[in-house]
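Student: Dock chain B against the given chain A, drawing on the hints supplied.
For reference, the chains in residue letters:
2 protein chains.
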Amino acid sequence: MAAMKLIALKSACKTASFHLGSQKIPLRRNYVRAFSAIMSPPAMAVVYDQHGPPDKLTRIVEIPPVEIKANEVCVKMLAAPINPSDVNRIEGVYPVRPVPPAVGGYEGVGEVYNVGSGVKGLFPGDWVIPFPPSFGTWQSYIVKEQSVWHKINKDTPMEYAATVTVNPLTASRMLKDFVQLNAGDAIVQNGATSMVGQCIIQLARIQGVHSINIIRDRAGADEIKENLMKLGADEVFTESQLAVKNVKDMLGISPEPALGFNCVGGNAATLVLKFLRSGGTMVTYGGMSKKPVTVSTSSFIFKDLSLRGFWLQKWMSTDKADECRDMIDRLLVLMRDGKLKYDMELVPFKDFHSALDKALGKLGSNPKQVLTF
Amino acid sequence: MAAMKLIALKSACKTASFHLGSQKIPLRRNYVRAFSAIMSPPAMAVVYDQHGPPDKLTRIVEIPPVEIKANEVCVKMLAAPINPSDVNRIEGVYPVRPVPPAVGGYEGVGEVYNVGSGVKGLFPGDWVIPFPPSFGTWQSYIVKEQSVWHKINKDTPMEYAATVTVNPLTASRMLKDFVQLNAGDAIVQNGATSMVGQCIIQLARIQGVHSINIIRDRAGADEIKENLMKLGADEVFTESQLAVKNVKDMLGISPEPALGFNCVGGNAATLVLKFLRSGGTMVTYGGMSKKPVTVSTSSFIFKDLSLRGFWLQKWMSTDKADECRDMIDRLLVLMRDGKLKYDMELVPFKDFHSALDKALGKLGSNPKQVLTF
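Protein sequences appear in the order of chains A and B. Residue numbers 1 to 373, in the UniProt record's numbering, belong to the letters of the first sequence in order. Residue numbers 1 to 373, in the UniProt record's numbering, belong to the letters of the second sequence in order.
One chain only, chain A, in its complex shape (with noise of 0.2 Å):
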């Protein structure tokens, strides 16, 4: 194996020198390794070289090949989806976003290509999730550190395992950090369609827990209820149901919900606040309507309501990484027995940009756009 040979030629060279009539002249470290390198293929990769309209800006380039040192590892891209955050982050609004030029993408599997001469316990063939996600998903070879792969079974579907990191790892954690959740409890949210708030759907019914869901008004509501209920939702409303004087007239079999979720701002939050027990917590962690959440005194005071917020990557940069990973693992032995699913469109690679104008919703509703290499 490559890295064997890599190990095997340092240690020979590591106190080589040849000589030159009498002078013995030591081989220059760089000279050696220039022999020694072990290099990844030529990549193709998306890149950016400036903030902006991803559509605009975003081309796709071939990268020379790089040396993997000790203790990096060369990986082959599997698939890699296209998330509204990765889009956020090309736009640069995102707060925490790479320096341009930059390859787009932040989470996706790939399989071990060849690993660094220092490299234990990964070989070709392993499947890997870059955990923590780290920029630049959306290329064909990924040399980075050993201690950003996190090793995972090669028995969940790839296009489940390229997305687990973001949004289903961040239902998981929202359904565990803020309040403690015990079988029979509820919890409500809005934007309930999205992929996270499918993901909440499926995590809370396997713990016990109801949902209480809030929809937009839309075209085909009636179906999405449907879809939603067969997924495991206890209940849906659109907000538009919701317009009533005391919305907890509305649940069902369903308790007043201790915990919320809010995805959406506007209307959509009042609703959920609206929905919580005394004493509960809403959770924001996204504002697709782009508007502010509205909060009246008395629910502070009497209701006695927390507000919180959430952010996976800051999430993830605290000491609880291990943690994560446990999570993650447990996620896709659900994902691989079924019982974690949503709807993803698989899309080859040299068809980025088509797949991204969807993402972009430029084509309507579709699917989450997973790119495969």
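This list has only true hints and no planted wrong ones.
Copies of the same chain look alike in the list, so a pair counts if it works inside one copy or between any two.
Quick list of in silico lysine to any residue cross-link-like pairs, SDA-like style, CA-CA up to 25 Å:
(1) Lys245 / Thr294
(2) Lys76 / Val61
(3) Lys320 / Thr281
(4) Lys144 / Ala70
(5) Lys274 / Lys314
(6) Lys274 / Pro95
(7) Lys314 / Pro100
(8) Lys248 / Pro292
(9) Lys69 / Tyr113
(10) Lys176 / Thr281
(11) Lys274 / Thr294
(12) Lys176 / Ser306
(13) Lys303 / Cys324
(14) Lys151 / Val166
(15) Lys245 / Gly266
(16) Lys303 / Val244
(17) Lys144 / Val99
(18) Lys248 / Val93
(19) Lys248 / Thr294
(20) Lys291 / Ser306
(21) Lys314 / Phe302
(22) Lys368 / Ser298
(23) Lys314 / Ser298
(24) Lys314 / Pro255
(25) Lys274 / Pro292
(26) Lys245 / Gly92
(27) Lys291 / Thr281
(28) Lys303 / Val179
(29) Lys290 / Ile224
(30) Lys303 / Gln180
Keep in mind the hints are simulated off the structure, nothing from the lab. Just so you know, these numbers come straight off a predicted model, no measurement behind them.
Tutor: Below, chain B without anything else, positioned relative to chain A:
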């Protein structure tokens, strides 16, 4: 003493009976009690018969004497303030309120006048405050169970003892219950001229905590600033001064605050949020502008702000009552030593309606109105 006399009487009557001819007639217990009962003096009280405008619906009436039962204490009230929440209770807009007809008032200080036979540790002449505070302090004599009376030292000025439970206790609890503050930290608040606001400034200063204070734009703002600085404020801004791109550029020596207090809502709440550091908490305890709190999605997600509420009445109904009593005692010491002060106007009880007009703001800005008996 009356209490001891009653015990003696009861003891003597325990097996009492009298003879009518040859028939032995046992004395009925309530007959005995009618003889032995200690009664309160008649009281003057501010009562209202229905919810509505306090200035129209309140009247001073005489309440007939009531029996002081074994575990009860009759207190001659010395002083009781008119707080905004007292007004709200009469208006019927406060979530927890007595059912009319009822006596107004919620806190105050009184002197023990007489005690029931089973009362231990309280004697005529002792000073007490109702704790947890209870309805009906606007009357000259009150008879309630011993358990609701908290004995205090008599060395604190009467008007401070009368007002310690609502506003200073709110300030003290809020500085303690949400964020661990250390010397050198900072807090930010709006409504800084309110009684709670003034207490927060002084209590923060005692802890070595900086206070950043926001006041309304109004005539005499400079003088108000000066007065708040004298109390111990580190920084005082009017709202219009803070109409800048980055309010934190306005900060002098104070660090970014981890904790903020909002009793106004609307723009004044937004300003508190802007000052908070990442991960900070804003506690809402009032809504003087009658405008809601509006929060951007990014404040929750990327700035990780938490929004909470505080309601003293709910707090005191928890198992922390003993801790509150200790806190009250510490506040009374600060008041006695002149380290915690605020403006008050003492008004004889008979002039209740003119004090009420001042408390309702009908006569411009006036200090806290405190009724004396």
